[in-house]
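K.L.:
Build out the structure end to end from the sequences listed, making use of the hints.
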Amino acid sequence: MMSDKEKNQVEDRTRRTFLRNSGFALGGIVIGGTVGSLLGTTDTKNESNVNTESGAPVANPNVALMFFYPEEYETTMAAAERIFPKNDLGPGAMELNAGIYIDHQLASQWGVNARDYTDGPFYKPEPTQGEQIKVLRKDLFRLGLKGLDNYSNENYQTNFADLEAAEQDEVLTAFEKGEGPSLSGVSTSDFFKLLRQLTIEGIYADPLYGGNKEMLGWQMRKYPGTYMSYVKEIKSDEFVELDQQSLHSHMGHS
Amino acid sequence: MAKKLPKVPVVIAGMGWAGSIIASELTKAGIKTVGLERGKERKMSDYLMVHDELRFQHREELMQDLSKETITSRNNQGMRALPMRHYGTFIVGDGLGGAGSHWNGQTYRFLPYDFEIKSLTEKRYGKNKIKPEYPLQDWGITYDEMEPYYDTFEKMSGISGETVELYGHRSNPYPTGPMLKTPVLEEFEKAAKKLGYNPYMMPSANLSENYTNPDGIARAACQYCAYCENFGCEYGAKADPVVTTIPVAQKTGNLDLRVHSNVTRILNDGTKATGVVYVDTFTGEEFEQPAEVVVLASYVFNNVRLLLNSGLGKPYNPDTGTGVIGKNYCYQVSSGYSTLYYNDREFNLYAGAGALGIEIPEFTGDNFDHTNENFLHGAGVRSTQYGNRPIANNNAPIGTPAWGEEFKNQSIKYANSVLQVKSQGASLPHRNNYLDLDPTYKDAYGMPLLRMTYDYTEQDRQLVKYISKITRAIAEEMGPDHIDTVGEQAPFNVNVDTNTHNTGGVIMGADPKDSAINSYQQMWDAENVFVVGASAFPHNSCFNPTGTLGALSYRAAEGIGRYLKEGGSLV
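As given, the protein sequences belong to chains A and B, one line each in that order.
Take the first sequence: its letters are residues 1 to 254, numbered as in full-length UniProt numbering.
Take the second sequence: its letters are residues 1 to 571, numbered as in full-length UniProt numbering.
Among the hints, erroneous ones may be present.
Output of the computed footprint for chain A on chain B, the stretches with three or more beta carbons under 8 Å from beta carbons of chain A [to be verified]: (1) 45-57; (2) 60-67.
Derived DSS-like pairs (lysine-lysine); straight-line CA-CA distance at most 30 Å [what the hints assert, rightly or not]: (3) A/232 <-> B/194; (4) B/190 <-> A/235; (5) A/177 <-> B/413; (6) B/413 <-> A/235.
FYI, nobody ran anything at the bench for these hints, they're computed from the structure.
Glycine is no exception: its CB is placed at the ideal position from the N, C-alpha and C atoms.
P.N.:
Structure, rendered in structure tokens:
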């Protein structure tokens, strides 16, 4: 009988061999050298910006604003934290840098709806026809943040970020139902949808986008991130928990 | 003025599965072919950073740029159609390989019943079983005639699978064995067998083993890395035109492939085409490409739109039921399903493959008695393991809030403990479901967008009700702690339904009165125009469309070869 460790080694070797061979077989399109060299990469400690030798965190230059003004960023973090709050399961949206993720997305081509159909005329849709929103995502988000503050000031005499969690939930629920004041003709429920979507993405997208800090979003749900092969794990009756690995581990193999 | 280029034997609009199969067959036979693709070039090494859920799935990198072209939709003629402004439902392919790059790889044959659905239904249940508002038609070809083309497509793409007794006869077994039967699929298998069904492994274009096809193309086995749908395969394990048909065509030296070339019109006199006009999508420069044969292989929507924008073929009129272009648009009916939650079991759900699944054949086609049912055809009832990516998969029992602490707790608790018994149902044509040109909205080149008028029908609602109960029974047998069953078909919603199995609009048949093309995909109204793709399906079966689309593409290639020698109608 082989020990588990030996079995793993055999399987690893087999996978490497097959990849090398298939790279060869594909002739010209070399995947063996590229993909094969990635297979053994399970080391998650290669995130150069996480730790120094002393163990103290070093600055992550990605944590800076390219779209929001500081107050908008604060409001965004407060709202995202209510969508996905910190609790005993693990960090919330704020700690996971979902706010940075949202900032970067709104600054991207997606924020200006670059690949959406934006020609007029714009009509109010039936519920089955999808959103017909003329306002760009980056502008709608900014309007929504302002709307959160306006609504909070009107009902609680303070800005959204300064409310108690339960009050913030009340405001967000009103926005979700479309009960907040119209945002240049757009329902607050459309803003809320955008906020919820961006928050989930900011927790679970690859850390290269600025959120999912240190892959802690993935770790909470035992999602391993990106591996080149799960041939062994997928056959297992037992749950196999793997260290998290991001796309960063695929760099330098071209 | 369009710049006029030298005439060629064949020009193809669209280089996905359909266009690339035709290109590879014709160029192997020594026929000079121009392939026009509106999107970008692609090669396998482009996929090395593809394990990026955000970029490829939620930002739809491999999909059509909707700022340039989209569809408009409405549920019925009384509504104003509005543009699909961003992706929600259909993820329409773009770039070399088209949807054949981002698909899951589920590769079925349709049933013998499908090709003769009208005749066989009337034979078994009488003339009145098909209600007049459902224009069900035979396809003008039988399963036995289709069989060799299916066989060719499966060998080219290396389909993995196992023979199913209740389905049509096979001249050969699948070229590769079935995919791994994982513990997740075994749960379904045990339950289905207990209930007396005969589950089989889903036929898969994700190779179960290394494979070399008849063209000499060698590809590696699937690694179950969980990035198929919306993604390209960095191993080439998933059959994709980019790693199968296109390199074969290129090697002949007979393929002139032009990317960033968007066809806007077919030049024609109403009975024959003389070529196409296309635009360089970067510069806006227009070109005229004369050709002896024009092949449209630019997906269902664009095939219909190009014909209508070019004034070729008679547009369908829903009020009279006459005309053919835009007729019998069908979709798929997948709303009957059960979601299973386990409190104390975790599965390796982060792993998977796009065509890793198990299914029962008993409720497909006419494999069960419809005498007392208010619907025809049926559904494949199945469990799949695609790999649950974390942005897209946050399941929690119905009633759980969509955000906040309870959402967090539940979605994380069940992240690796949720299975589904799903269904994929047939979509039958209805006279009010059709495609035409939008009167208002235009694409980036000034051409009218395609307008879809579509809603689910009574047939669909009955089917969903029936099938959801089957999914529930299997789910209960699987013994989870909680089951949610969805058994009602809501109205069609362009931002909610998730399926890109659009079919019809340029349908095949035996009679020019009720079909646009013959069984070689040759237009009745213009013998040198071949319209290839799922646009040819007179209805959609309960299976994924690519296998049938691939088979029909091989038949079309054969027809085009014959036409270039003999001319005239091929039937």
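K.L.:
Does each hint hold? Answer for all of them.
P.N.:
Here is what the structure says about each hint:
no.	hint	in the structure
1	45-57	holds (count 7)
2	60-67	holds (count 4)
3	A/232 <-> B/194	28 Å, holds
4	B/190 <-> A/235	16 Å, holds
5	A/177 <-> B/413	27 Å, holds
6	B/413 <-> A/235	22 Å, holds
Comparing the model with each numbered hint stated earlier shows that all of them hold.
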